[in-house]
Each structure stands twice: as C-alpha cells, then as structure tokens.
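**Q** Residues per chain, in single letters:
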Amino acid sequence: MSEQTVERTTVAARAAWSAVVRAGATLTITDLHGNQAVDFLVYDAGDTSVRYSAPDTIQAQGNIFLTTGSVLMSNEHTPLMTVVADDVGRHDTVGGACSKESNTLRYGHHTWSQHACVDNFLAEGARYGLGKRDLVSNINWYMNVPVEKDGTLGIVDGISAPGLSLTLRAERDVLVLVSNCPQINNPCNGFEPTAVEMTIGAPE
Amino acid sequence: MATATTYGARAHARAQEGTRAEAMPVVPASAWPAPPCEAGHLVWAETVACGNYTHKVLARGTELRLTDLSGDACAHLLLFAADRPWERLNVADTVKVQWNAYLGEGQLLLSDQGRVLATVIADTSGRHDALCGTSGLVRNTERYGDGAPQSESPAGRELFKLAAAKNGLAPRDLPPSLSFFQGVEVREDGSLDFTGSAGPGVSVTLRTEQDVTVLLANVPHPADPREAYTSTPLEVLAWRAEATRSGDPLWEATPEGHRAFLNTAEFLAARGIA
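If you read the protein sequences in the order shown, they are chains A and B.
Per this note's numbering, residue 1 is the first one in the first sequence, and the count goes up by one each step.
Per this note's numbering, residue 1 is the first one in the second sequence, and the count goes up by one each step.
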C-alpha cells in the first residue's frame, strides 16, 4: 500500500476497537500471529441505522465467503466498504459473534464467565450511542466456516497465517466496530486469542 | 350520488360487509371453514396477499402453520420476544449453534439470549433459506422497477418496516430474517444454488416457546432469478397448543437444543411465567 498511514493501532487479544474511516480511506487488518478471528461490524457514520447486512452482502455477490472484490452491503443495499486486497482467500459471513449466551448452548454453562464478542460490541458501540438492537450478524475476518452438502456448518481450523492481511476501502464515511475475538472453545483463534493490527490509510 | 351525504356514505360503507377477498384475515378466526385443530382453538386465520405482510403477537405454546397455497409464496419471518424486543431472532446463532445452515423440522429458532423463540415442528417443503434475508427497496427498484409498499413489487424490508412500526419498532430493530418455501443451497465454493419451490400446498408449522411478536412478509425470494416479480398468496393459521416440555422428543434431540430449552425454562420460571 503506497498511501500514507494515518493511524496504526495494535488491538490487544480479547479487546474491542473502533474508528471512523472516511470515504476513500482504507483499513488494513493484519492477523499478526495467525488464525485470529476479527469480528467486524460497519455502519454509515452519518446514519447508523444504515449498517452492514450479511444477507444483502450475500445477495449481491451470490456467495457466502468474502474475499477481494467483495462489497460489504448495508441493510438498504448500498455499499459501505469494498475488500480491495486479501491474502487469505475467504472469510465468514454466517457464524455471527460469540456471546456468553450462545456459549452456554455451544459448549455448556461452565463458559458463562468467559468474555465474548457481543460484550465487546456492546461496550464499544455504547461510545457512539449504539445499543443491543444495533448489533446484527457480523463478519468474521480470518474465520473459516465451511458448509457441507447436507448443510452442516462449523467453525474449523483457520487458513490464515502470521502476518497475512486484508484491506478494505470505505465507500462512504463509515464507523467500524471490531471485537478481537476472545473465544477459546473453538479453533477460530487457534484456541489462543492474539493481537491484531489495524492500519488506516489516507484516501488515494 | 349515494355517497354525497354522511348518511349515504355510511350506508355505502356498511353495504360492503360480508365481501370476500382472495387474501384477507378471517375474524373471528374460529369462522375459518376447516380448522386443523380442536374446535375453538384457532387464534389466527389469514391469507396474505402476494407482496403483502401481516403480524401478530402469539402466546407461548401456539402452533403457527404457514402454507404455500399455489407454489410461489415466500414467507419471510422475524420473531421478537413480545414486549421485550431487544430479545429477537438471531439467524447466525440459529445456524451456528445447531451446526446447520438449512432450516427444517426439528430446528429451533433461537434468540440472541441463548433461548428458544419457536421450534419447527413440521415441514413438508424442505426449501427454505437462512442466508439471503429478504428483498430491499434499492434492489427491487433495479430488478422490477419499484420496491415501495404501494408498488406492484414491494420489497420485504419495506414491509417489515411497516409491520415493525405497528409494534413500536424501528428499522434499527430489524435483524436478518429467515424465509420459507423458496430454497437456497450452498455449494462447496460458497456460491448459492437457488432451488426454488417444492410446489403448491406445502406447509411449515412452528410452535412458539415464548410469547412472541411475529412479523411476516410474503414477497419473492431475493435470489429468485425470474425476471417477473412472482408471488402467490400465503395461508397463515395459528391455534392454541402446548409449548415443548421435558420428555418431548425435541427437548433432548441435541445437546445444544437441550440447553436452549433449559435456558428458556429457567428464564420463564424466574419470571413466574411457566
């Protein structure tokens, strides 16, 4: 990327992060240590009722996986961001965020005290006046969720590696909410959550 | 002119009583000609027109049967915990927790709170979708020329906005929805295969496990490749029955579902509801 870096942040393992990315600017997400799921929501910065829609994104590209060329569509079927580079090849739109509540279903009630992505989204979103009703099915960058012929799906070992990255271009001013996934009960973080890096590049 | 005066206008309006339309609610529901339940148990009987919507608050332990009468209905569904809409259908949790992308008999429709909102207790269609959501104004306008509610090709999301508003909810409250009667399958590379309808007369029956607000839109599936906006009426019947209980086969059908039922029972017991 030749453009000027305007902000570079390391997001600690298990932490939340957010930023407004101006139209035309880029956001590069780097999987520093490999196979770290990055839960991701994006809103129109000027009207947060217009937000990422997994179904609209899937409709628009006719595919459930995200990679270079994928356009992240809003619930009003307008483009929010475009994937302009991707070292990995496919990312998840289906699995949503982990939560303390869904962890009780997936693994058992012993997981209740573990931190989860929904709590990161709620805490970080509250800084912008966003609440629970503003949380919807999110993107999981670097998370591998295949679907078998009979419909069986699951979070399986990742296909990312240390240092791989992807870059998004904002198609309008957008607010990005990120949860650096704290999950330790499935392979989405290789069972050991690690830091990721966020780099905002100036518009070309 | 018969309607030139208030008396005439009143008589003209009242003379419409008893008119039957192809798509309409039957009120009271008990007047429905052939109820699929015990006499007097029917609480909702309606035929939803193509490109239209309906909504209802249903008590826990209601069975809700949706029927694709002519083969081109597509029932887009959203569920909210009645009076507590911050708990609502979570499609991602529904497919992830149950390890399956496809909907069908025995599947639970889960909320974001690790609880069950409804269960799918019967399904003669097998063609459903939890991935593509519903249609929107922009894309319907591109594909059919319009997507507004009053147009010939209303978008599902525009209808959901209206149904939501009538339940005190705003567009921000609308999460991704499910749809029944038009199938989508996922190929290995993640691309989608639209398998369409299973034909006329098929139905899906849901059982409510909490008091729920039901929003339904009957519009073409967004991945329906046909050039014309193709939609036919949807029959909706609901009747008083029983929620799933310990001992029912569904209760312990899967470990994940079992814990969802336990979470739901715990929540209801703590509130003194059931």
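Hints listed in this document are in silico derivations from the structure and should not be mistaken for laboratory results.
Cβ coordinates follow ideal geometry from the N, Cα and C atoms, glycine included.
Careful, some of the hints might be misleading.
If the Cβ cut is set under 10 Å, some of the chain B residues that face chain A in the computed set are [to be verified]:
| # | residue |
| --- | --- |
| 1 | V95 |
| 2 | R139 |
| 3 | A223 |
| 4 | T230 |
| 5 | A253 |
| 6 | G257 |
Mimicking SDA-like on lysine to any residue, the simulated pairs with C-alpha atoms at most 25 Å apart in a straight line are [claimed, not checked]:
| # | chain 1 | residue 1 | chain 2 | residue 2 |
| --- | --- | --- | --- | --- |
| 7 | A | K132 | B | N263 |
| 8 | A | K100 | B | W99 |
| 9 | A | K100 | B | W86 |
| 10 | A | K149 | B | E185 |
| 11 | A | K149 | B | G272 |
| 12 | A | K149 | B | V202 |
| 13 | A | K149 | B | E105 |
| 14 | A | K132 | B | A198 |
| 15 | A | K100 | B | A198 |
| 16 | A | K132 | B | G145 |
| 17 | A | K100 | B | G199 |
| 18 | A | K100 | B | P25 |
| 19 | A | K149 | B | A198 |
| 20 | A | K149 | B | E188 |
| 21 | A | K100 | B | A253 |
| 22 | A | K132 | B | E266 |
| 23 | A | K100 | B | A270 |
| 24 | A | K149 | B | L268 |
| 25 | A | K149 | B | G199 |
| 26 | A | K100 | B | A81 |
| 27 | A | K149 | B | A253 |
| 28 | A | K149 | B | I121 |
| 29 | A | K100 | B | H258 |
| 30 | A | K132 | B | E105 |
| 31 | A | K132 | B | D83 |
| 32 | A | K149 | B | R187 |
| 33 | A | K149 | B | R172 |
| 34 | B | K166 | A | V50 |
| 35 | A | K100 | B | E185 |
| 36 | A | K100 | B | H55 |
| 37 | A | K132 | B | A270 |
| 38 | A | K132 | B | E185 |
| 39 | A | K132 | B | P225 |
| 40 | A | K149 | B | P255 |
**Q** The structure should be examined with respect to each hint, and the outcome stated for every one.
**A** Hint check results:
no.	hint	result
1	V95	6 Å, holds
2	R139	5 Å, holds
3	A223	7 Å, holds
4	T230	17 Å, violated
5	A253	13 Å, violated
6	G257	8 Å, holds
7	K132/A to N263/B	20 Å, holds
8	K100/A to W99/B	18 Å, holds
9	K100/A to W86/B	16 Å, holds
10	K149/A to E185/B	8 Å, holds
11	K149/A to G272/B	43 Å, violated
12	K149/A to V202/B	23 Å, holds
13	K149/A to E105/B	18 Å, holds
14	K132/A to A198/B	37 Å, violated
15	K100/A to A198/B	38 Å, violated
16	K132/A to G145/B	35 Å, violated
17	K100/A to G199/B	41 Å, violated
18	K100/A to P25/B	41 Å, violated
19	K149/A to A198/B	19 Å, holds
20	K149/A to E188/B	7 Å, holds
21	K100/A to A253/B	22 Å, holds
22	K132/A to E266/B	22 Å, holds
23	K100/A to A270/B	19 Å, holds
24	K149/A to L268/B	37 Å, violated
25	K149/A to G199/B	22 Å, holds
26	K100/A to A81/B	19 Å, holds
27	K149/A to A253/B	22 Å, holds
28	K149/A to I121/B	23 Å, holds
29	K100/A to H258/B	17 Å, holds
30	K132/A to E105/B	30 Å, violated
31	K132/A to D83/B	15 Å, holds
32	K149/A to R187/B	7 Å, holds
33	K149/A to R172/B	34 Å, violated
34	K166/B to V50/A	21 Å, holds
35	K100/A to E185/B	30 Å, violated
36	K100/A to H55/B	31 Å, violated
37	K132/A to A270/B	22 Å, holds
38	K132/A to E185/B	30 Å, violated
39	K132/A to P225/B	35 Å, violated
40	K149/A to P255/B	23 Å, holds
Hints 4, 5, 11, 14, 15, 16, 17, 18, 24, 30, 33, 35, 36, 38, 39 from the list above are not met by this structure, while the remaining hints are.
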